[in-house]
Amino acid sequence: MKEKEYSVIGKRVNKVDGLELVTGKAKFAGDLRFPGMLHGYAKRSEIPTGIIKSIDISKALEAPGVHLVFTGENIPGPNLIGILPPFDQTLLAKDRVRYAGESVAFVVAETKNQAKNGASQITLEIEPTKPVLSLDEALDPASPKIHPDGNVTFSRNLIKGDVDLGFAEADVIVEGVYETSYQEHAYIEPEAVCVVPGGDGRITIYASCQSPFHLRGHIAANLGQPASKVRVVQTYTGGSFGGKDDVAVEIGALAALAAVKLGRPVMVNHDREESIIGSNLRHPSRIKYKTGAKKDGTLVAKQVEILLDGGAYASESPFVTMKALIHAAGPYRIPNVHIKSTALYTNKTYSGAFRGFGVPQVTFASESQMDELAAKLGMDPVELRKKNALLPGDSNATGQVFKESVGILDTLQVIEREREKLKEFKGDDHYLYGTGISSMLQGISNGAEGIDVVGASVQMSQDGSVLVGIGLTELGQGSRTVFAQITAEVLGVPLEKVTVKTVDTDSVHDSGPTVASRSTTVGGKAVLTAAEAVKESLVTMAGLMFNSPGAPIVLKDNFAILEASPEARIPLDQVATAAYWTGFPLMNLTFSKAPPSNYDHDTHQGDIYVAYNYGTHLMQIRIDRITGEVTVLRHLACHDVGKVINPKGLEGQVEGGSLIGFGLAHMEKIVHSPEGRIINSNFADYAVPTIKDRIPTEVVSIEKPTSNGPFGAKGVGEPPVAGTASAFANAVSAALGKRVKKLPVTKEDILILLSEREKK
Amino acid sequence: MRIRFLCNNEQRDLEIDPSLRAIDLLRDTLGLTGTKEGCGKGECGACTILVNGKPVSSCIMLAAKLDGTRVETIEGVKGKDEELHPLQQAFLEEGAVQCGFCTPGMILSSKALLEEKSKPTEEEIQEALSGNFCRCTGYGKILKAVKKAGQLLEEKR
Amino acid sequence: MEYLKPKKIEEAVTFAEKRDQSLYIAGGTDLSILFFDSKIKPEVLIDITDLEELKILEERKEGLYLGAAVLISQLANLKTKKWMPLCLTQGAGAIGSPQIRNLATLGGNICNASPCGDTLAPLVVLDAVFKLRSTQGVREVPVLDFFIGPKRTIRKEKELLEAVIIPKESLTGVSGFFKTGKRKGQTISQVNSAVYIKKEGGRVSKIRIAAGSVAPTPIRLKKAEEAVIKGNLEEIESAVMEEIKPISDIRGSEEYRRIVTAKAIKEMIVTLLKEDSRNEN
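Protein chains in written order, with our numbering: chain C, 2 to 761; chain X, 16 to 172; chain W, -12 to 268.
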C-alpha cells in the first residue's frame, strides 16, 4: 500500500507554544500577580504518625502580615481529598497525622515569607504512635492499622490458564526477588496555584496541573459549591509526570477556601522541600518472580507477587497496582500466568502517579528474569525474547488479542541488528564493560482504570484560522502541537493558523486526566473527528462554489482543490466565509470514546487497552573501577509507536523519559530516616541527572498503526522509562557478572561489589 | 538602601530592603517573571541571570549585590531588530524546549558560553550548563541547540 | 538589617568590631541560604566582595598571594596557567556549577570550612598560610591549624580572612585533585583529595597527601606519604584506608568513601609520578 503523503503529519515542526517559552513571556502559576494577592503556606507535621492533641495557632494569628489560619478543626467544607476511592485523605490532618510532612494548618499572609514565619509560630502537640515504615511491617498483623480497614490499600489478581500445570511442564525454572526504591518527579517548577475570587460569585483557580476538571470537582466539593461555579485554568506547567494533581487539589482547595473567606486572591507556591515531602512519589516495590520455560526457550508459566509501598494515603495506588498487575508478564506469549499485585499503606509520604505508573518496576523484574532464564538455557537474550514475543493474533497476559499494531518483534530485530554494530571493548585495570537489552510493553489509554472519553472541539473562523479546544493538558510533552498538526492536516491549513486553547474548564470539555500516554491516541482521535466534521462543511461549500456539488475535493495548502482538475482552487478563508453565510456549521464538538475495557475483575482477563506501545532497548556501558562511575556508551530506544505524528516531539519524549528511567535505575533514591522522615528533600542530596550525567539516547521508531489512534498513532510518553531502567540493570549485571536485584544500583554499590571481589 | 544598575539595557534606580533576594527584585519589584525559582538553594539553575556577562544564581544572591552591575534576564535576550536571538531560534528548531521552565536559565547560561566561545565542544557545553537542570528533555536536544546557535552566530558575523 | 559595603579593609574590620551581630559576606553562596531561610539573623552584613586588598592575585617574593575575595571562577579559569598549582585550580573548578563559581570566593570556601570544601585539600597539600586581619592587627595561620572541626575554624568572629599565601617552594612540583559526588555535575563532594609531589633527581623528595570529607576537617595522610617515600606504592591503598575516618551519611557510605579515597589517591600518585616535574630544581 502506498504511504500517504502528509503535509504536516510526520514533519519536524516546532512546538506551537514554544515562542512564549523561549522569550520568558509564558506565565506559570507562580508568575501571576493580582491586586491584593496574599500568600499561603502550610504548617507540616514533623512526626510521621501520631494523635493530634492540640494545634496552638494563637502566636501565628499575631504574626506580622498574617490574615488567616485554618486548621483541620476550623476549616469549612468536608476537608477531604484523594484521587480515587477510598478518598482517605484530608486537606488538613484533623485527628491524626499519618506521614512526616503532612499539612496540619494553613497560614495566609501578605507575603510568602510572612506566611512561612506565621507557620513557624504554630505549636503542634502530637502524641507519637508507632509508625509502620516498611512493607513487612505493613503486612504484619500485629502492626498498627494506618486506616480503619487495615494496611492493604488495594489488591488484585491476574489469572490466566493454570500456573501449577505450567510449571510442571517446565524444563527450567528461574526465581528471584527484585526491589526498586522511591523516586521523586523533580519537575523543575514546584507546585503552584493562584486562586482568584470573581465578583460574580464564581472563583477561578489558576493551577500548574495535569487534570483541571479533576481539580474543579474536588475543589468545588470542598467549597460546598456546585462545580459550575468553579473555574480551573491550567497555566503553563513546568513538567508534571503525574506528580502535580494530588497537590494541586490540596493547595488549590486550601487557597480557594481562604480566597472565599477573605475575598482576595491567594497564591500557594511550594518550596522544593515541600514539593519533595508533600507530594506523591513513585511506589517502591518488592517483586517475587518465578518463570518457567521449556528447554527450547518457550515460556510456559509466570508467577509473580508484587508488593508496592503506597505510603500514607491511597492517591493513585489502586490504579498503579492494577497497571503493575497487567504488565508484569511482559510483551510475551505465555499460556499460564498468575500475578498478585498489592499496595500497602505505610506512614510515609504517599506514593502515586509517576510516568511509568508501575510498569518500570515490574519490567525491571520481568526483564531481569528473562536474562536469567537466557543464561540458564544457554540462549542469547535477544533470541529468547524473539522466540516468545507477542505477534498479531496472539493472546496477551490478559487474554486480549490484537490483530494489528503489535510491533515488539520488529523492535527486537532492530536491536539485534544494532547490537552487531556495537564496538567491542575489552575490560582492563581501569574499566569494565557490559551490554544489556530489555523489552517491554505499556498500555495506551485508561484501560482498566475507567472510561476513556475525550471531548474536543474544532472551530474555524471566517478568516480561515482555527481554534481547537480539548480538556487534555500540555505539560511540555507537545500534545498541543500534535493536536494542531492533526487539525492542520485534516483542514489543509498551515500549522500557524491553528491555535489550541488554554485548558480552561469554562471553555473546553472534560476529557479526563492527561495521563497514561493517552493524549495522542484518544485525544488525537477526538480532534481528528471534530476536524473531519468541519472539513465536511468546507468540502460541501467548496463543491457548491465549484459548481460541482459532491465532486471529490481536497483541502491542502490553504486551498480547497477540485481533485479532478487541480488548477481549480479556492482559498480556504473564502470557503469558510461562504460556509458561514450559507449556514454550514464551522464548529464541531466531538466525543471520542476508547473502546471500553471489558474484563473479569477477579482474573483481569479480557480487553483492557485500546493499544499497547512496545519497545526494546539496548545499552552499552563502561564502569570506572576506581570510582564505580558508569558512563553509558550507547543507548538505543526502539518503540512501536503506531505512527509518528511529530518526530521532534517524539524524540524529545523518548530522550526525556529515558533519562528519568536512568535516574530510577542508577542515581535517584528518596531516603527516609529510621524514624520515617525524608532526609534528602533537596537537590543537593537527591541526585537528579544533570547534563553531565546525560545518556546518549538514540531514538528509532517502528510504525505499526492502530486503527484506534489518529493516523495510526499510539502514545510514547511513559514506555521509555521502563525500557531504559531495565536495560541498564541488565547491562550492569552483564558487566559485573552478577545479577542486579535492587534499584537504584549506584556507583557506590558497584564499587563496593568490585572491591569485595578484589579481596577474594 | 539605594541601588542603581542596568537591567536589560535600562537604567534602574531603586530603594530596596537589604534583605531582598535578587530573584525577588526581578520577579516582584520589576515584574520580570521570566527568571524562575526552582529550588531556592542555587542548585537547579532556573534562576540564572547574567551579571556583567557571567551566569549567577539569583535565588541565593542579595539584591544589594546588583548595585553598579549590568544585568541581563531572559526578557532582554533578543536578536537584531526584535527578531529572536539565535539561541531562542535554535532551541525552538531543535526541540530543546518542552515545558519551558528551565529554558530561560538554559538560554542565559548558553549565551554567556557562546559569547566566550563560538564553537564550544560538547564537553564545554556540558560544563557551562552543568548547573541548569532539565527534567523533560534528557538534554540531548539542548546540546544540539547550543551547537546550532553557535553556528548561526558565526554566520551572522 | 543593615548592609554595609566598606571601601577599604580597615573600614571592614572596624565596622565588624563596632557592631554586634555582624557578619562578613562575600559571594554569599553558603551564607545567603542560611540568611534567606532565617536560620541566621545578623543585624549587619558587611559586604567585602569588592575590597581591592582582597582581590589581589599575584606572585610575590614569599609565594603566590591570593586575596580572599578572588572568585572561584577566576581560580578555575587559571587551570592552564603553568604558574598556578593544578590541584587548586582543579579543586576550584570542581565546585558546584558556573553560576555558583561566579559568585563564590576562595575565602568563602575556606571560612565556611565544610569538610567537603573542594579548595581545602589542595590548600593543605600546598602548605598554605592564611592571613587574618582584625582591628588588633594581622596574624598568619598555617592551613592545618586553621580548621578545627566541621564548619569550625580558629578565625575569631571579628577577624577577616584577608589572603591565602602559597609558599614559593610549593609552586614547583606537580599536583593533582580528585573529587567524586552523587552525580557528575553540580555536585557536593562525597570525598575529595589532593596530592603534591616534588621530585629531585628522579626521586620523590616531597610528597603531601590530603583528603576531605573523610574526617571532621581536611587531613594529611602521613602513612600514605611514607609509603610513597619508601617507594612502596602497593601499600598506598591500605595506608589511606587506615588513616581516614569517614562516616556514613546521606551523601555516601563509610565503606564507599574508604574504598574510593584509597583507590583515587593511589591512581593520582601513579599518574603524577609518571609526569615530568615542572620547574624541577
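Think of the hints as simulated: they come from the structure by calculation, not from any bench.
Remember, predicted model here, so these are calculated numbers, not experimental data.
C-beta atoms are modelled at their ideal positions from N, C-alpha and C, and glycine is treated no differently.
Don't take every hint at face value.
Said to hold, decoys possible - Chain W residues, not near chain C, derived (Cβ > 10 Å throughout):
1. K5
2. E39
3. T174
4. I175
5. E229
6. R238
Stated by the list, open to error - With a straight-line Cα cutoff of 30 Å, these simulated BS3-like cross-link-like pairs (lysine-lysine) come out:
7. X:K134 to C:K28
8. X:K69 to C:K422
9. C:K113 to W:K(-8)
10. W:K48 to W:K66
11. W:K26 to C:K117
12. W:K171 to W:K118
13. X:K95 to X:K163
14. C:K649 to W:K171
15. W:K171 to X:K132
16. X:K69 to W:K69
17. C:K670 to W:K145
18. W:K42 to W:K145
19. W:K261 to X:K69
20. X:K132 to W:K26
21. X:K69 to W:K232
22. W:K145 to C:K427
23. C:K424 to X:K95
24. X:K93 to W:K232
The hints, checked one at a time:
1. K5: Nearest chain C Cβ is 29 Å from K5 (chain W), so the label holds.
2. E39: holds (34 Å)
3. T174: violated (8 Å)
4. I175: Since the minimum Cβ distance to chain C is about 6 Å, I175 (chain W) lies within 10 Å and the statement is violated.
5. E229: holds (16 Å)
6. R238: At about 7 Å from chain C, R238 (chain W) fails to clear the 10 Å cut-off, so the statement is violated.
7. X:K134 to C:K28: The given pair, whose Cα atoms are some 33 Å apart, is violated under the 30 Å limit.
8. X:K69 to C:K422: Answer violated: K69 (chain X) to K422 (chain C) is near 43 Å, above 30 Å.
9. C:K113 to W:K(-8): Within the cut-off at roughly 28 Å; holds.
10. W:K48 to W:K66: Answer holds: K48 (chain W) to K66 (chain W) is near 22 Å, not above 30 Å.
11. W:K26 to C:K117: With a Cα-Cα distance of about 13 Å, the restraint between K26 (chain W) and K117 (chain C) holds, given a limit of 30 Å.
12. W:K171 to W:K118: violated (34 Å)
13. X:K95 to X:K163: holds (18 Å)
14. C:K649 to W:K171: holds (27 Å)
15. W:K171 to X:K132: The given pair, whose Cα atoms are some 23 Å apart, holds under the 30 Å limit.
16. X:K69 to W:K69: Holds, because 25 Å separates the two Cα atoms, which is no more than 30 Å.
17. C:K670 to W:K145: violated (42 Å)
18. W:K42 to W:K145: holds (20 Å)
19. W:K261 to X:K69: violated (37 Å)
20. X:K132 to W:K26: Measuring from Cα to Cα gives roughly 40 Å; hence the hint is violated.
21. X:K69 to W:K232: Measuring from Cα to Cα gives roughly 39 Å; hence the hint is violated.
22. W:K145 to C:K427: The given pair, whose Cα atoms are some 59 Å apart, is violated under the 30 Å limit.
23. C:K424 to X:K95: violated (46 Å)
24. X:K93 to W:K232: Not OK: K93 (chain X) and K232 (chain W) at ~53 Å, beyond 30 Å, violated.
The structure shown violates the earlier hints numbered 3, 4, 6, 7, 8, 12, 17, 19, 20, 21, 22, 23 and 24.
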